[in-house]
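Place chain B on chain A using the hints.
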Amino acid sequence: MHTNNDTVLSKLETGILGFDQIANGGVPEGRSTLISGTSGSGKTVLALQFLVTGVTNFDQNGVFVTFEESPEDLIQNVRSFGWEVRKLMDEDKIAVVDATPEPGQETIEAGAFDLSALLARIESAIRKVKAKRVILDTLGALFPQFSDSNVVRRELHRIHAGLRRLGVTTLITMERIDEEGPIGRFGVEEFVADNVILLRNRIEQEKRRRTIEILKFRGTTHQKGEYPFTIDSETGVTIIPLSAIELQQKSSGIRVSSGVAELDKMCSGGMYRDSIILVSGATGTGKTLTVTEYIKAAIDAGEKAILFGAEESREQLTRNAASWGVDFEKAEADGLLKIICRYPETMGLEDHLLQMRRDIQEFQPSRVAVDSMSAFERVSSVKSFREFVIGLTSHIKHQEITGMFTNTTAMLLGGESITETHISTITDTIILLRYVEMQGEMRRGLTVLKMRGTWHEKNIREYMIDNKGMHIKEPFRGVHGILTGTPTFTYFEERERLGGMFEK
Amino acid sequence: MKYKLRLYVTGHTSHSMRAIENLKYICESEIQGDYEIEVIDVLERPGLAESEKIIATPTLVKKLPEPVRKIIGDLSDREKVLLGLDLLPTGTPLTK
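The listed protein sequences correspond, in order, to chains A and B.
All residue numbers for the first sequence refer to the working numbering, where the first residue is 1 and numbers rise by one.
All residue numbers for the second sequence refer to the working numbering, where the first residue is 505 and numbers rise by one.
Please note that a few of the clues may not be correct.
What the hints assert, rightly or not - A few chain A residues that face chain B, going by a derived Cβ cut-off under 10 Å, partial list only:
id, residue
1, D98
2, T107
3, E109
4, A110
5, G111
6, A112
7, F113
8, D114
9, S116
10, A117
11, E123
12, K128
13, P144
14, F146
15, E155
Rather than coming from a laboratory, the hints here were simulated on the basis of the structure.
Think of the CB as a built atom: it goes at the ideal place given N, C-alpha and C, for glycine as much as any other residue.
This is chain B alone, in the form it adopts within the complex:
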């Protein structure tokens, strides 16, 4: 597995659900078979959020490949997500 991703959410809010959906969709279309997603509910495991200093939810943490990076939000901005995951070819402009 090249991509090790952790998604922090809080309960079953609309933000949480949208983020999970968006992330799955992006991963399936971009890095199919090469990723692993762990969804963590901060309400259930606040200790993990503490050690990873999560303030906002949803927060996607790209654990691998390095560098570790945090992407916050419901991941509806696909380009930003790709940028955060280093999936945009270098030199690609952010907006069309």
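Just chain A, with the same shape it has in the complex:
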């Protein structure tokens, strides 16, 4: 006998942003996938989105079987996402099977029974709308309706087999008690164990952080590990497929100006257009100025730029720019600049990322600046912060535009920060701004620490700030140890004198 078990399972594209990427194409087609998560983890929204997106994006009709919430409540709840389930029902694109217990009505069990009626109703609904997608939400709510959970389990087995026979792709939601531990309750995982997705909603730094993990897809591949996701009224569930992001963006050789001519020279002709520049320095060293110059370069070239402010208000940013001779207000009026100020504390980093990506998508700038990136670090764990930076970086690179992030170092002299350690590998260019204490005077030094793919000057150059902006001067001579914060002076006179001793 020949069995053909090694045929690769095909996937059904869900249309849920980011999901198909982490699922390597979608959910296993013609199979059931269990979505398990604690209360409030987003199971129902995800499942309904699968159904609605099926209709709107793929012209695949769906059946939704509800065990817990009444259809009216569900329809009402998801209206905020712009999903007009009622309308889709009227158009015979979505059919509902209401398997919720009747409130206040007692049911008496008097002998052996099965759930053939439920299966018959689901089948009839599938036939009615010619459904390709089915969701069962939330399976656990079926159990308390009957005294013997063994019977329910046995019957769910049959329904599961029935759905498979009908060739529909099913998502089954199931509530779990803890974020860790058993996948589901009532032992349902045993018959839908082929494909399991876990949703989590943990508290992290006093903020909720949602993640999705594909635990297994039998016979087919998927990305492993947890990926953050958000739920918002515009798109419903959006998954941020970080490590699944393909970091294979094309690198162009096109250069753009940093806005400071001397700095461009130090970078052998400017920044690469699709690169990320990190400007790192202590407070007051001129990071915001560097950003302003960089934005100004775009405006002068008639290109658009977005400035994300995370620490200062738009008034402050505008006033700062004006003090260096840059007119942000006019640029905004001309449609060349968009200043968006959001304090990091207002929402989770996933939401920030989603918003920023949307802003970039809408405004289509050629440059993006974030001042400061390190402000976001305050409100998150190291892991989410890194994910946030990777997510934003890859989006910017994907658009083939330039990004500049600033980073505030804790120490006035020298020093490094978590931001630097964690995101320096992601950025293409790092510019350090440092205070240098020399002969009782605070001066400022700038150096290009790294620049990917090109020669750059390695000197530490002194720079001045005045009402015309930034002016880069000569390299510091006779001093070393600036970056560590403890400069050591080598006296020219001494060296010259010693050198002279051996002449002749």
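Structure of chain B alone, referenced to chain A:
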């Protein structure tokens, strides 16, 4: 007719047949001449099952007298059926 009963079954399964048999027997012995039974095959009329939210089969629905009540199973537990149909004298213990 005092008793208006509706019995939902799925095809001619053994559960279905037993339920019909049991119901007829109980009605004949308890409420002879005072009842009306409608047997509905869910496979043929899923719409009716949908509107009455039938999940399990067999399900006996006591439409009249009110309150409406659902009794699920093959009705082999005679006492439970009588209880569901309000035919047990009040105070009668369920088990002997």
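Hint numbers not upheld by this structure, sorted from lowest to highest: Hint 13 is the one this structure does not satisfy, whereas the remaining hints hold.
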